[in-house]
Structure formats: structure tokens, C-alpha cells
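Using the sequences and the hints, build the whole thing.
Chains as they are written, first to last, in this note's numbering: chain A, 1 to 412; chain B, 1 to 231.
The hints are simulated quantities; they were obtained by calculation from the structure and are not laboratory data.
Keep in mind the model is a prediction, meaning the values are calculated, not measured.
Note that beta-carbon positions come from the ideal geometry of N, C-alpha and C, so glycine has one too.
Wrong hints could be hidden among the right ones.
[Unchecked claim] Calculated lysine-lysine pairs in the DSSO-like style (CA-CA distance at most 30 Å, straight line):
#1 Lys-401(A) <-> Lys-17(B)
#2 Lys-398(A) <-> Lys-21(B)
#3 Lys-401(A) <-> Lys-122(B)
#4 Lys-122(B) <-> Lys-300(A)
#5 Lys-122(B) <-> Lys-398(A)
#6 Lys-17(B) <-> Lys-398(A)
#7 Lys-300(A) <-> Lys-78(B)
#8 Lys-300(A) <-> Lys-21(B)
#9 Lys-58(B) <-> Lys-17(B)
#10 Lys-71(A) <-> Lys-163(B)
#11 Lys-163(B) <-> Lys-401(A)
[What the hints assert, rightly or not] Output of the computed footprint for chain A on chain B, the stretches with three or more beta carbons under 8 Å from beta carbons of chain A:
#12 101-111
#13 205-218
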Amino acid sequence: MIWSIAWRNIWRNKIRSLAIIIAVTIGLFGGIIYDAFAVGMMQQRVNAAISNEISNIQIHNPSYLLNEEVKFVIKNQDNIITGIKEIEGVKSVSSRIKVLAMASTAETGAGIMLNGINPENEKQVTKLSEQLVEGDYINAQDRIPIVIGQKLAKKLNARLRSKIVITAANAEGIISYGAFRVTGIYHTENNMFDEINVFVRKSDLSGMLGMNQNDVNEIAITLFDHDQSIPITNILKNKYAGQIKREELTIRPWTEITPSLNAMIEMMDSFSYIFMIIILIALAFGIVNTMLMVVIERIKELGMLKAIGMTSQRIFQMIMLETVFLSIIGGMVGLFLCTIMIKYYGYYGLNLESLKEGYNSMGFSSIVYPHVNLTFYLGTTILVIVTAIIASIYPARKALKLNPAVAIRENN
Amino acid sequence: MGVIKISNLYKIYDESKIPVKAVNGIDLTICQGEFTAIVGPSGSGKTTFLNMVGGLDKPTKGEIKIDNIDIGDLPPRKLIDYRLNNIGFVFQAYNLIPVLTALENVAFIMQLQRKGKKERNKIARELLETVGIGDKLDRRPGDLSGGQQQRVSVARALASKPKFILADEPTANLDSKSTNELLDLMLKMNKELDTTFIFSTHDQRVMDKARRIITIDDGKVTSDVRKNGSK
Chain A
1 MIWSIAWRNI
11 WRNKIRSLAI
21 IIAVTIGLFG
31 GIIYDAFAVG
41 MMQQRVNAAI
51 SNEISNIQIH
61 NPSYLLNEEV
71 KFVIKNQDNI
81 ITGIKEIEGV
91 KSVSSRIKVL
101 AMASTAETGA
111 GIMLNGINPE
121 NEKQVTKLSE
131 QLVEGDYINA
141 QDRIPIVIGQ
151 KLAKKLNARL
161 RSKIVITAAN
171 AEGIISYGAF
181 RVTGIYHTEN
191 NMFDEINVFV
201 RKSDLSGMLG
211 MNQNDVNEIA
221 ITLFDHDQSI
231 PITNILKNKY
241 AGQIKREELT
251 IRPWTEITPS
261 LNAMIEMMDS
271 FSYIFMIIIL
281 IALAFGIVNT
291 MLMVVIERIK
301 ELGMLKAIGM
311 TSQRIFQMIM
321 LETVFLSIIG
331 GMVGLFLCTI
341 MIKYYGYYGL
351 NLESLKEGYN
361 SMGFSSIVYP
371 HVNLTFYLGT
381 TILVIVTAII
391 ASIYPARKAL
401 KLNPAVAIRE
411 NN
Chain B
1 MGVIKISNLY
11 KIYDESKIPV
21 KAVNGIDLTI
31 CQGEFTAIVG
41 PSGSGKTTFL
51 NMVGGLDKPT
61 KGEIKIDNID
71 IGDLPPRKLI
81 DYRLNNIGFV
91 FQAYNLIPVL
101 TALENVAFIM
111 QLQRKGKKER
121 NKIARELLET
131 VGIGDKLDRR
141 PGDLSGGQQQ
151 RVSVARALAS
161 KPKFILADEP
171 TANLDSKSTN
181 ELLDLMLKMN
191 KELDTTFIFS
201 THDQRVMDKA
211 RRIITIDDGK
221 VTSDVRKNGS
231 K
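Structure below.
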């Protein structure tokens, strides 16, 4: 009957109970939705970075990472690529020549990162071919094709079929020139990437720089499962331990390639926790206040219950149960609303068109697909309920300390 | 059985400042089945006295022995159990649980005694029929009149099969008709069940029905009168 009394008690003052339920609902909803959008945004950023920009794992000559010069090529690259393809979990491999260069049109110039790629292999590794907004992807028939980002095109005032002159230092440090024709313009959600990265055929670039046909500066690997990035990096490190020891190779997962991205994920996680803590503290104060009112309003009744033989533990249990019921209802409503919102926007995406420029400049998509891990869902729900219970301890203890003889004579 | 022996009972408030002797040395014996009214002006110490007899308040000095058990010596947990199983309370403001029906209010005390649901509902129904509101079992206190609520309160007090019932001004909020009905009911219960009733009151109608009238003034018993034919 204690359960029944506690349940009925919470409906004695519907407005007050609804206030707590709404507070719990908003607290839970706010915490989960914030995390869902933060996680969704970061996941999209990570996926975009892996798919469009860096892939899961990269291999370089260690000297190249210190000084990005084309002369620092990967030795035995053909054998290494064959070896990588044998590893389970590897989806595709692409090798690139990468060199810092200058791109010029008749009107202006800009510093760029010139990527010499094998178009067919690159297609398997990055989604460059799917990001074109004008023209076509590099194909075998084109003469000296170049694919540039929309941002760079704007900067250089270049259009399809525009001629771009590339200037870069070759392996001997001698400046080489090459003229390319814009065959495609791409757009990713990372403005910085679009402004810097330019793609040409590897064979054209190696010809321009006087390199061997097989020389590459970078091997990019994509996996079937992003979560396998670190384990497969470790497998590769074991496999090529000799070359690594001789400082011929360095193998890095995406978390090491872009530590800032990883730091951003950790920062977002910290924000989620801080946000959640603030919500929980506010919630706790709300509950303490409301439950204290409940106890004060019912002093006479609680005194009577003590007088007729209800133990302090049972009274404590009753007050706690009332809070638990309220927080469970609030929690369920909050979870329900969160689930609907996350399902809806997880499918259709939340279009933040007005903030697009700002988001894209930081590499984020302006269409956010929220996502929540089940553990966060459950964790937050439990945390909210536990907070409610902890917050009700003080009012419940107040009820325990009542002297029945005095409480019964209270006028309220 | 059910003998209350009160010796040298004191209750002094604010001992460190100006001491107020709410109960100032009472010696009394109340036997099983008595129908007793404690009377006196406001502030005379009636309620304090009843609270101590009911184990709701601790005496400053003296002892209250019920069947040779000094309830002042009982630890808090045992005192709660003692109250639950030996004392029934009827309050001036009825003090029913507003979210429970009449039946549930009466059954609740038996649940605290860990009686089974069937048994407690059966007893509660019988008691409510006895007190004359068998047709309002499912009504909540808010849907009952003051007299009806006090009847439920009496049924609740009787439900635990207590040795005695303490009633603190039970008729103060009732009209004459309800007062008379309630007093007749309590007299009937007193006769049929041999339950001891102790009232605090300054209602003349209660005094008229009481078989023993103990007058308290300034915390002391000033008179103790047994009417003819009483125990």
C-alpha cells in the first residue's frame, strides 16, 4: 500500500507534480539532445574526414612528415601495397604523390597541396569522385586534367576548362612548371580542404616533377570499419616493423593524423558532461525545493502516520518513492521525446542552412544527423533518476525528524 | 490486562530558560474498559498528558506503565511497534490519509501490522459497517462529512485491536448530532469490545457520557470522579 499511497500522493497537487515531471523531462531531453547533436556532428566530421580527406590509415616516409618534399618517397611501395591488401578489414588502398605547390591563373595565384593520384584507386579510398559539383572526375581521356575545390576556384577565379599553371619544386629542389586544364570542381563540407587540395593524375605529376612512375609520398588505406583503424594500424606496424625500425616508414591511424579532430571529440565529450552536470544540479535544487514543500504541506499527515505506528523508514521510503515515480515519469517522457526527435532528425537531418558558412569553415556539415550511444541514453536516464533520489534525501530526512506530537497539532 | 499506571509524571518545557510545567506530577491508574474523559481548560496539560500516555512524547520525569511495561523505557523502534499494536488514536481533525478510501484507511493500519490483504479488508469492512458507513467504503475522506470521517477514524483506531484508544478532543469539530452519534458508537465499542477509551475534551456532551472524569488544571489532577455503575 506504501507504493499505492506514494503514487496517489503525487497526483494530489497535479501542477506541482507536473512541474517536477517537466523539469526532469527537460533536463533529460536537453542533456540527451545536446549530446546527440554533438556526437552526430562529430561523427559526421570524422566520417567526412576519413572518407574525403585522410582515409583511415596513412603511410609515409618519416622524413616527409618533417619536411613535405617530394623527394621523401616510400621505398618498395608496390610490395607494401600488396601486403596491405592481404590484411583482413582493409577495403582499398591508394598511393599519392603530394607536394606543396603554387596554382596560378591569369589573374591570381594561391598556395595549394597538389595530390597526384591514380583516379581509379582513389575512387575506392576517398569520395572525391562523388563530391563534384561541376565537370567530371579525372578520366583517362582527358589531357592534363586537374580537379579543384569550389573555394579555390572562386579564389583563382577559375571555371571549367580554365587553364591553371602549377609551380612546384621537384626532388632536386628545382622549380618545375606544368599547365593543367580544370575538368572538375568539387565541394566538400570542409572549406579549408576545398581551398587547399587539388588533384591531378599521378602520371602527369610524376612526369612534371621528373619522378619515377612508382614513386609515391603517401599510401592511404580505407577500412570496412572505422573502429578498426587502431587495431589494423598495429597489425601493419608489426608487419613492417623492420622498415619502421630503419625509419623508412611511419604508419598512423586517423586519430594521429589529425589529433585536433580527436581533441575536438574529447572536448565535445567534456562539454556534454559539463552540460549534464549543470542540468543535474539545477534539477536537484528543483526537486529539493518541491519535495520540501511536499513535506512541509503534509507535516500533520506525516505526524499522524508516525503516531499510528508507521516507522520512520517507511515514511522515508514513501517520500523517496514519490520522487522516484515523478522522475521515472519525467524520464520516460524525456526519453520518448528524445527518441522521436533523434529518430526523425537522424533520418532527415537538421538543416542549419543559415549557419552553413560558419560550420563549413570548421569542416562541419550544416546538416546534422543526431546520434546517441545506447550507453549514454541509459547512463543519462539513470543519472537523472539517481539525482532525483539523492535530491529527495534531504526532504525525506526532514520528514523523519518530525515529532508526531508536535506535527499532529500543526495548522496547515 | 490493559491497566495504565501513571506515577509521578512530569513534563517540563524549556528547562534551561523559564520552565513551564505542562504536566506537574500526575499519579493515576486507568483500568481496562474504562470510558474516561480528561477535562480542563485550554493549556491545562490535557493534550501533553495524552501524548505521553500514547508514547508520542517523553516524560521529563516519572513513569507510565502499561501492563507493567514502562513505555518511557522503550527504544524508539519498539515504541512505534507498541503504539501500533496497543494504542488507537482518534484525532480532533480526523487525520485520515486523504488519498485512500475509507476502507483503505482502516485497512492501512493492519497492513502496518503485516496482516494479509484478505483479512485486513474483511476486518475493515466489518468495522466500517459497525460504525455505520458500510455503504461508503470506497469514498475518500474529502467526500465524507466531518462526522463520517471521525467514524472512519474510530474504525481505524479499533482496527489494530488496541488495548486502549486515546481521543484528543474528538468531537471538537462535530455538530451535536454527529457528536451524539459518535459518542454512542464509542460507548457501544467500549461495551462490546471492552476497549479502554481516554478522551481529552471540554465538550459537556462528552463529559455527560463519560463514566470517569479526570480534571486537570495547571498540569495537576484536581479531581477524579467515577460515576455510579462505572468500573
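Against the structure, the hints:
no.: 1; hint: Lys-401(A) <-> Lys-17(B); result: 24 Å, holds
no.: 2; hint: Lys-398(A) <-> Lys-21(B); result: 28 Å, holds
no.: 3; hint: Lys-401(A) <-> Lys-122(B); result: 34 Å, violated
no.: 4; hint: Lys-122(B) <-> Lys-300(A); result: 29 Å, holds
no.: 5; hint: Lys-122(B) <-> Lys-398(A); result: 36 Å, violated
no.: 6; hint: Lys-17(B) <-> Lys-398(A); result: 26 Å, holds
no.: 7; hint: Lys-300(A) <-> Lys-78(B); result: 22 Å, holds
no.: 8; hint: Lys-300(A) <-> Lys-21(B); result: 25 Å, holds
no.: 9; hint: Lys-58(B) <-> Lys-17(B); result: 19 Å, holds
no.: 10; hint: Lys-71(A) <-> Lys-163(B); result: 104 Å, violated
no.: 11; hint: Lys-163(B) <-> Lys-401(A); result: 28 Å, holds
no.: 12; hint: 101-111; result: holds (count 5)
no.: 13; hint: 205-218; result: violated (count 0)
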